[in-house]
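> Each step along the sequence shown adds one to the number in our numbering, with nothing skipped, and position 85 is 138.
Treat the hints as calculated values from the structure; they're not laboratory data.
A few of these clues could be false.
[Stated by the list, open to error] Derived DSS-like pairs (lysine-lysine); straight-line CA-CA distance at most 27 Å:
#1 K72 to K62
#2 K137 to K86
#3 K62 to K86
#4 K62 to K137
#5 K133 to K92
[What the hints assert, rightly or not] Cβ-Cβ distance ranges computed for the label pairs, FRET-style:
#6 I81 to K137: 15 to 21 Å
#7 L123 to L80: 25 to 31 Å
#8 L89 to K137: 37 to 43 Å
#9 K84 to V140: 27 to 33 Å
Glycine included, each C-beta is placed from N, C-alpha and C at the ideal position.
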Amino acid sequence: MSTEETQAKTVSGTVVSNKMDKTITVLIERKVKHPLYGKYMRRSTKLMAHDEANECNEGDVVIIESSRPLSKNKTWRLQKVVSKAQVV
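Working from the sequences, and respecting the hints, build out all of it.
What follows is the structure, given as structure tokens:
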């Protein structure tokens with residue numbers, strides 16, 4: 054076995070829920086081209102990520118990175134908050 058560490062994958066998205074303790078739900082959106090008609094469609098994925106300091110709120114734009122499994126559904130970790138949501 055090699056002793057190299059693998060590079061963690063990073064994705065950016067918007068926080069849609071922070072109701073759980075130390076956990077956020079992040080919505081990742083991407084555009085996919087339809088194979089026959091060629092129209093670009095929006096597709097989305099929701100990922101649960103670990104937020105150790107409970108610093109994120111709904112609407113924040115964040116970058117998350119892959120990590121070891123932390124629970125049944127949580128395999129991502131908060132890397133940094135890109136921009137905070139505006140308080141209304």
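> Hint by hint, where does the structure go against what was stated? Just the numbers, ascending.
2, 5, 7
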